[in-house]
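Could you put together the complete structure from these sequences and hints?
Chains as they are written, first to last, in the numbering used here: chain L, 1 to 505; chain F, 1 to 86.
Worth flagging that the hints you see were computed from the coordinates, not collected in a lab.
No experiment lies behind these values; they were computed from the predicted model shown.
Just so you know, even glycine gets a beta-carbon here, dropped at the ideal spot from N, CA and C.
Among the hints, a few may not be true.
Here are a few chain L residues that face chain F, going by a calculated C-beta distance under 7 Å [as the list claims (entries may be wrong)]:
1) Leu394
2) Val396
3) Ser433
Have a look at the derived ranges for each label pair, beta carbon to beta carbon [said to hold, decoys possible]:
4) Ala480(L) x Val20(F): 33 to 43 Å
5) Lys303(L) x Tyr75(F): 52 to 62 Å
6) Lys68(F) x Glu125(L): 17 to 27 Å
7) Glu241(L) x Tyr75(F): 29 to 39 Å
8) Gly415(L) x Tyr75(F): 25 to 35 Å
9) Glu51(F) x Asn45(L): 18 to 28 Å
From the derived model, a few chain L residues whose C-beta atoms are all more than 10 Å from chain F [what the hints assert, rightly or not]:
10) Asp42
11) Lys43
12) Leu72
13) Leu89
14) Phe104
15) Gln188
16) Glu221
17) Asn239
18) His244
19) Asp294
20) Gly478
21) Gln487
22) Pro488
23) Asp497
24) Leu498
25) Gly502
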Amino acid sequence: MKALLWKDTKANIEKIIQNAPCYYGIDYIPGKNVSSGYITTDKSNFEYEVKISSIEEFKKSDKVLLKKKTGLKAIIKIENVRKIDKIPLSDFKLNENLNEIKTFAEGERFVVDYKEKDEASLSNEQKEVMDDAESRGYHIPLSLADKLIKYKKSLPEDKYEKLLKRIDSELKKREIDPYEAVGIIAAQSIGEPGTQMTMRTFHFAGVVEMNVTLGLPRLIEIVDARRIPSTPSMTIYLNDEYKHNEEKVRGLIKNLENTAIIDVADIITDVGEMDLTIKLDKLKSNERLVTLTDILSALEKIKGIIYNQMDDERILVKLQQESFKKLYQTQEQLKSTPIKGVNKISRAIARLDPKEGAWVIYTQGSNLKDVLNMEGVDATRTYTNDIIEVENVLGVEAARNAIYREAENTLSEQGLNVDKRHLMLVSDMMTFSGAVRAVGRQGISGRKSSVLARAAFEITSKHLLKAGLLGEIDPLAGVAENIIVGQPVTLGTGAIDLVYKGNKK
Amino acid sequence: MSKFNVLKHEIVPEHHLVPVDDEMSVLKKLNITKDNLPKISINDPTIKALEEIHGKLDPGRIIKIIRKSPTAGYYEYYRVIVKSVI
Numbered sequence: 001m002k003a004l005l006w007k008d009t010k011a012n013i014e015k016i017i018q019n020a021p022c023y024y025g026i027d028y029i030p031g032k033n034v035s036s037g038y039i040t041t042d043k044s045n046f047e048y049e050v051k052i053s054s055i056e057e058f059k060k061s062d063k064v065l066l067k068k069k070t071g072l073k074a075i076i077k078i079e080n081v082r083k084i085d086k087i088p089l090s091d092f093k094l095n096e097n098l099n100e101i102k103t104f105a106e107g108e109r110f111v112v113d114y115k116e117k118d119e120a121s122l123s124n125e126q127k128e129v130m131d132d133a134e135s136r137g138y139h140i141p142l143s144l145a146d147k148l149i150k151y152k153k154s155l156p157e158d159k160y161e162k163l164l165k166r167i168d169s170e171l172k173k174r175e176i177d178p179y180e181a182v183g184i185i186a187a188q189s190i191g192e193p194g195t196q197m198t199m200r201t202f203h204f205a206g207v208v209e210m211n212v213t214l215g216l217p218r219l220i221e222i223v224d225a226r227r228i229p230s231t232p233s234m235t236i237y238l239n240d241e242y243k244h245n246e247e248k249v250r251g252l253i254k255n256l257e258n259t260a261i262i263d264v265a266d267i268i269t270d271v272g273e274m275d276l277t278i279k280l281d282k283l284k285s286n287e288r289l290v291t292l293t294d295i296l297s298a299l300e301k302i303k304g305i306i307y308n309q310m311d312d313e314r315i316l317v318k319l320q321q322e323s324f325k326k327l328y329q330t331q332e333q334l335k336s337t338p339i340k341g342v343n344k345i346s347r348a349i350a351r352l353d354p355k356e357g358a359w360v361i362y363t364q365g366s367n368l369k370d371v372l373n374m375e376g377v378d379a380t381r382t383y384t385n386d387i388i389e390v391e392n393v394l395g396v397e398a399a400r401n402a403i404y405r406e407a408e409n410t411l412s413e414q415g416l417n418v419d420k421r422h423l424m425l426v427s428d429m430m431t432f433s434g435a436v437r438a439v440g441r442q443g444i445s446g447r448k449s450s451v452l453a454r455a456a457f458e459i460t461s462k463h464l465l466k467a468g469l470l471g472e473i474d475p476l477a478g479v480a481e482n483i484i485v486g487q488p489v490t491l492g493t494g495a496i497d498l499v500y501k502g503n504k505k
Numbered sequence: 001m002s003k004f005n006v007l008k009h010e011i012v013p014e015h016h017l018v019p020v021d022d023e024m025s026v027l028k029k030l031n032i033t034k035d036n037l038p039k040i041s042i043n044d045p046t047i048k049a050l051e052e053i054h055g056k057l058d059p060g061r062i063i064k065i066i067r068k069s070p071t072a073g074y075y076e077y078y079r080v081i082v083k084s085v086i
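Shown next, in the form of structure tokens:
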């Protein structure tokens with residue numbers, strides 16, 4: 001799609017932003033199919049993106065904002081303006097060759113196709129090896145390119161040829177035939193290693209500093225799509241400014257950890273006087289870097305109380321309306337009043353990650369939405385193990401990747417090798433409906449379209465009764481229903497229908 | 001501070017809006033009808049992010065997702081926007 005590119009003054013852009021949507025008079029006649037525009041202030045980098053909904057010939061009117069006072073030729077209607085990350089001029093395919101934008105130009109935004117990405121990321125050496133293998137008639141996945149380079153140098157020619165042949169045949173062996181029952185194979189392939197996991201989990205309680213559920217309990221949690229996992233935790237990566245600066249990391253941790261009044265102070269209730277005393281615990285408060293002023297500012301938000309500072313470690317809280325019920329309620333409310341930190345995150349630890357070569361923060365408790373918008377956090381990589389939270393914050397496709405990642409990590413941590421494709425199938429099945437669904441009765445199995453398949457799984461009578469009342473029809477397309485009625489299942493040989501058309505004479 | 005664009009997160013694959021004119025060829029290639037496609041909610045954060053670029057999206061539009069597979073490089077996946085998901 002063509003876009004209109006132009007240079008403008010800061011004052012004009014300011015005017016457009018304030019008035020958008022608006023009409024804007026320009027001294028250039030753009031092509032008809034222009035629907036977006038980019039504005040630059042320095043002739044080479046574009047900072048603003050505008051949406052253009054219509055282009056008209058110029059005529060004088062009060063409503064129109066003007067670029068210049070004279071020589072105007074057209075009016076464009078600007079729907080909205082957005083400030084964007086700077087795009088250089090080289091990102092556009094222009095009608096004529098230009099090094100900079102003086103006034104106006106038309107061009108197409110040059111977007112890299114994803115298919116080129118894979119190819120483009122290959123180095124020359126890698127490309128050479130891949131082309132060589134291709135010319136010998138072997139199809140080798142790109143991920144093996146690096147290993148092939150190594151072997152091509154170290155192995156004699158005939159052995160290298162043998163290696164390629166072996167890779168090719170191993171790959172062919174792993175191909176799936178049409179109408180193969182992949183679901184059942186996946187179920188068996190995940191289920192069998194799962195039985196070994198149960199026995200091993202008892203000796204594998206957790207990590208030294210933080211407890212994280214592992215093994216079979218975690219795997220069950222993943223496929224059940226629990227709303228709240230038993231040990232939610234986050235891995236927070238930091239941006240360049242923070243990741244090597246220990247002091248800044250410490251500051252960030254203090255802002256992450258959720259601190260309530262009860263964590264740093266004692267609350268004493270005096271029923272006779274009808275008041276509450278907050279007594280600061282010096283040891284605890286020093287550890288969490290909380291002062292009495294922090295508590296005072298947190299109290300400001302609570303309604304219906306009168307408070308004043310008694311000395312440097314006590315605050316007296318009185319009620320506006322005196323009643324025992326209210327006194328008790330206020331005490332409970334004070335206990336959980338947050339002083340600082342991110343909601344739900346109870347603990348945060350920074351560790352110098354050897355792989356990363358920088359500080360990484362691990363937390364107990366998870367709140368992806370708030371953490372992503374915090375300063376110093378590398379929002380593109382920060383991650384939580386709570387799949388439902390990933391779905392809510394980053395969308396269903398991210399949740400699908402999260403299910404795969406979590407299941408893969410849980411299994412490989414136990415030293416179990418399950419083919420990746422089985423886990424991908426499970427994660428695809430759990431998310432194809434647009435939301436994360438559990439595998440069991442409430443999820444995939446309970447929502448199959450076939451009545452008989454559902455009845456064969458669980459709560460038989462309920463499904464049969466409901467189907468009878470509604471007059472459901474079962475097309476007998478699946479495995480379970482065909483076994484029930486005693487027909488060949490629709491897999492392998494049974495998948496093919498033969499139709500005989502007799503000779504019409 | 002500006003809100004984080006979820007499409008930039010490493011775990012979120014590329015999402016593209018399929019133009020209305022191309023929808024038929026996509027469905028023909030897959031040999032299915034629109035309601036056979038996997039679904040995505042209109043309230044999904046990625047759809048909200050796409051709406052920032054394309055304006056309001058209606059249920060029934062097709063989204064092309066470019067996934068990175070651990071075994072097979074990049075591949076295309078399609079989802080259709082629906083009003084509500086179960």
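Comparing the hints with the structure gives:
1. A distance limit of 7 Å between C-beta atoms decides the matter here; for Leu394(L) the minimum to chain F is near 5 Å, and the interface restraint holds.
2. At its closest, the beta carbon of Val396(L) sits 6 Å from a beta carbon of chain F; the interface hint therefore holds under the 7 Å criterion.
3. For Ser433(L), the interface hint holds, the least distance from its beta-carbon to any beta-carbon of chain F being 6 Å, beneath 7 Å.
4. A C-beta distance of roughly 40 Å is found between Ala480(L) and Val20(F), which places it inside the suggested range of 33 to 43 Å.
5. Checked against the hint of 52 to 62 Å, the pair Lys303(L) and Tyr75(F) passes, with Cβ atoms roughly 56 Å apart.
6. A C-beta distance of roughly 23 Å is found between Lys68(F) and Glu125(L), which places it inside the suggested range of 17 to 27 Å.
7. The hint said 29 to 39 Å for the Cβ distance between Glu241(L) and Tyr75(F), and at roughly 37 Å that hint holds.
8. In this structure the supplied range 25 to 35 Å holds for Gly415(L) paired with Tyr75(F), their Cβ-Cβ distance being about 30 Å.
9. Between Glu51(F) and Asn45(L) the CB atoms are about 26 Å apart, so this pair conforms to the stated range of 18 to 28 Å.
10. Non-interface status of Asp42(L) relative to chain F is upheld: no Cβ of that chain comes within 10 Å, the nearest being about 22 Å off.
11. With a minimum CB-CB distance of about 25 Å to chain F, Lys43(L) clears the 10 Å threshold, and the non-interface call stands.
12. With a least CB separation of 28 Å from chain F, Leu72(L) remains clear of the 10 Å interface cut-off, as annotated.
13. No beta-carbon of chain F is positioned within 10 Å of the beta-carbon of Leu89(L); the least distance is around 21 Å.
14. Against the 10 Å criterion, Phe104(L) stays outside the reach of chain F, whose nearest CB is about 23 Å from its own CB.
15. Here Gln188(L) stays apart from chain F, with its beta-carbon at least about 19 Å from theirs, past the 10 Å limit.
16. A cut-off of 10 Å between C-beta atoms confirms that Glu221(L) is not in contact with chain F; the least separation is 19 Å.
17. Taking the minimum C-beta to C-beta distance to chain F, about 12 Å, the non-interface status of Asn239(L) holds against the 10 Å cut.
18. For His244(L), the non-interface assignment is confirmed: its Cβ lies about 21 Å from the closest Cβ of chain F, beyond the 10 Å cut-off.
19. Every beta carbon of chain F lies more than 10 Å from that of Asp294(L), the smallest distance being close to 22 Å; the non-interface claim holds.
20. Every CB of chain F is more than 10 Å from the CB of Gly478(L) (nearest about 16 Å), matching its label as outside the interface.
21. For Gln487(L), the condition that its CB be more than 10 Å from all CB atoms of chain F holds, with the nearest at approximately 25 Å.
22. Every CB of chain F lies more than 10 Å from the CB of Pro488(L), the least distance being 25 Å, so the non-interface label holds.
23. Non-interface status of Asp497(L) relative to chain F is upheld: no Cβ of that chain comes within 10 Å, the nearest being about 17 Å off.
24. A cut-off of 10 Å between C-beta atoms confirms that Leu498(L) is not in contact with chain F; the least separation is 21 Å.
25. Even its closest Cβ contact with chain F, about 29 Å, leaves Gly502(L) beyond 10 Å, as expected for a residue assigned away from the interface.
The structure agrees with every numbered hint stated previously.
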